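Engineer: Respectively, the protein sequence lines represent chains A and B. If you count the first sequence from 1, position 106 lands on 112 in our numbering, and the numbers rise without skipping. If you count the second sequence from 1, position 516 lands on 627 in our numbering, and the numbers rise without skipping.
These are calculated hints, taken from the structure and not from any lab test. Take the hints with a grain of salt, since some may be wrong.
Claimed, not checked - Derived contacts from chain B toward chain A, CB cut-off under 8 Å, selection only:
1. PRO340
2. VAL394
3. THR484
Values in this document were obtained by computation on a predicted structure and should not be read as measured data. A virtual CB, placed ideally from N, CA and C, is assigned to each residue, including glycine.
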Amino acid sequence: MSLVNYAAREITCKIVYYGPGRSGKTSNLHYIYDQVPQDRRGSMVSLATQTDRTLFFDFLPLDLGMISGFTTRFQLYTVPGQVYYATTRKLVLQGADGVVFVADSQRRQLDENIESMQDLHANLAEQGIDARNVPLVIQYNKQDLPRELVVDIGELDDALNFRGVPYHAGDALRGTGVFETLRSISELVLRRLSGATAASVAVGR
Amino acid sequence: MSVLLDGRFRFDNYVVGAANRLAVAAGRAVAESPGSTYNPLFIYSPSGLGKTHLIGAIGFAAKQLQPELIVEYVPLDDFVDRLHIAISSGHAEAFKQVYQRVDLLLLDDVQFLTGRRETQSEMLRVFNALQGSGRQIIMASDRPPSEIADVDERLVTRLAGGLIVDIGLPEYETRVAILRGKCAEREMTFANGVLEELAKMPCGSVRELQGALNRLAAHEALGDRPVTPQNVRAIVGGRPTPEFGRAAPAASTNDEFAGFLSDIAVAVAQHVEGWRVRLGERVSHWQRAGYATSMLDRALALSEEVDVDALDATFASGVARLEQLEAQAVLLDPRLAGLDVFRDPERIAQAEARIEQAIAAHDPPPAPWPAFTLETLIAGKSNQLALRAAEAAIEAPGVRYNPLFVHGGTGVGKTHMVHAVGNALRRKASLSGPVACVSGSQFVDELIAALQTGTVDRWRARYRAAGALIVDDVHALAGKERSQEELFHLFNALHSAGRQVVLASDRPPSEIGELEARLRSRFDGGLVVAIQPPDRTLREALYTRILVDRAAGAEPGVAALLAELPVSGAAEVESVVDRVVQSARSSGGHVTMSLVRRELNAGGAATPTSVPAIVDKSFLDPEKIVLEWPDLDGRVIEELR
């Protein structure tokens, strides 16, 4: 996936929202979709079942317009969180410029979070990608739930954030932390424009 | 005349949009016929949207149309001041008279009438006087008459009695037009997209917009960093105001997204590398011009910064060379225009080769003589080695014996053989170009002619495009330095491209005098093969063929008899046949064995150069020679020691 095409003056970022099933990945995209002016967003593609759980993936193209002379587009994807959609997750993850890991803060989901994080690392490794080089941000979602139901952020961080990546508390349904997360991952991704990671620089055609 | 009416504020520099169209239309109507249409004309809008400009334009236009008109522009504060002065100096009546003779009164900032009872009553009188005499009043205010607090009811009725129009916030397009107009007026220029970006920005009035433009102008004048669409927001700053947020949807209705966008812009600006951007621009430029840019693309993918200017200069010089080549190619063949090879500076060598091909096609090098083919070449022991080598060269040109150097005495059939090789190669579909077949002396002559006419490049190109090169009598180049040099380079070009080179000479390379060592070593580097003078079998075959052609009805056995005599080559065989045929014709008969014997016995006097010198004439005596040897099979031949 080409991050920046200097000849065509285009920046295209693919950001994948990863995480266990029902952690709120699609909610993140929905919130963003609602906040973006109509002329800046493409139609959000969401393939879901009647019970509203993502079976395939969501795709939200964002046209950020001209930034520093570059036509800038963000493509936001979610993966299906359910364990048995491993193949789809791998496909969606291909060519990702950055990953947002949306964790479910509920205590009973802790194991699923850990399992999903391991799944993310395994899938990246399978694609020959060193997970340490992939921009990653964690969102601890559902922090709005009653305290007795959720694990506090420190504990979640101990369990999931062994790489010490940026993290944000979130309430994706109401939008808390959604744009902070998107901003955070975008900045990490855009930092790769610098020469240090020329591997991500497309030669453009 | 008031400053307002000095012509700075005109209709033609007032940008009309949806938000002010009505006010402008009314203003124009009033300017054209003051006092008759909308009287009074009351214009209101928030501050900074062009009220003052509009009333100034109306006054100026009216004066232009009717120079005798008395036009007076008065901000309300001035009106109040003048009134106070007049009253205090006892000239209140004169004050009234001054205003009563005005044809067009432009009264600005009418909202300041609030609470000024005395001024209001005086103004009412002036209004009555003016309107009564058909003179025009135009007022401007930041609010409609009904919202000006504490104003005499009668005055409000007067103010509202004509036409009340408002001026709204200009939409995006109007803002762009206003900015462009201001720039043109002040002779300022900005990079493309700067004004548009500024127009997109939140801003409460045209005055603010002008202020923002001034900031950009000041920034640009500082010159440390040019204003670009990307840094407009950073220079001007500010957040959306509700009014303009609505007017410009592009600026986003949502602060959260707008904030995100602004942060992304900062991140991109921080991390995008200048040299890559410049190189990207060059790539884009050359791609738009139709050139393949793989050379630049590779540089773009490097992790280390490259010298963009140097790289671009190299690319540009490549492009210039390609342009030359293409122009040259089009002259030769218009169909060559736009070929891929002329669009990639990395393929200049190929483009040059294409030109050479075009030259060769347009003006082909000399071809082998069609009469000399392998089919007509008689094979025998004396030439079988050369023939096999020739066949190998034909089967796989440029692969096995390259060059193939054939040498032998005059008339042994070298020329026939090398031309036959040339003709066989011509029939091969795999050959990349024409077969050039030239004699050494012709090569030298052509070079001299090309030197004379200054067309050496073209001459050279004819041969360089050849699919195979055959040089007969290459010894003719002995002592001709320039020709040898040309042949050396031509040889190298063709040899390295895997094209077959065949050379013929009357002597092996080692015996050609005054031949440069570099050429000699190259000739020796392939296969040097000799053609011997024809053996008896070959001679008989040659005589048989020539007699069939030239002496139909010759007695059988004549060819065999003639073949007993050694000859140097085919030319001599022809000479002997001609002689016996001539003799037969003069005696009125056919070529017979006895005639041949007699003729040959007569010696060389008749044809001194071509008749073979017979060592011992007794060999021609039929009684002394055995023409038909018995079968030797099964006999023991004693080896002589």
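Engineer: Against each hint, give a clear statement of whether it holds in the structure.
Structural biologist: Taking the hints in turn, this is what the structure says about them:
1. Interface restraint check for PRO340 (chain B): the shortest CB-CB distance to chain A comes to about 7 Å, inside 8 Å, so the restraint holds.
2. Nearest Cβ of chain A to the Cβ of VAL394 (chain B): about 4 Å, under the 8 Å cut. The hint holds.
3. Hint status for THR484 (chain B): violated, given a least beta-carbon distance of 52 Å to chain A, over 8 Å.
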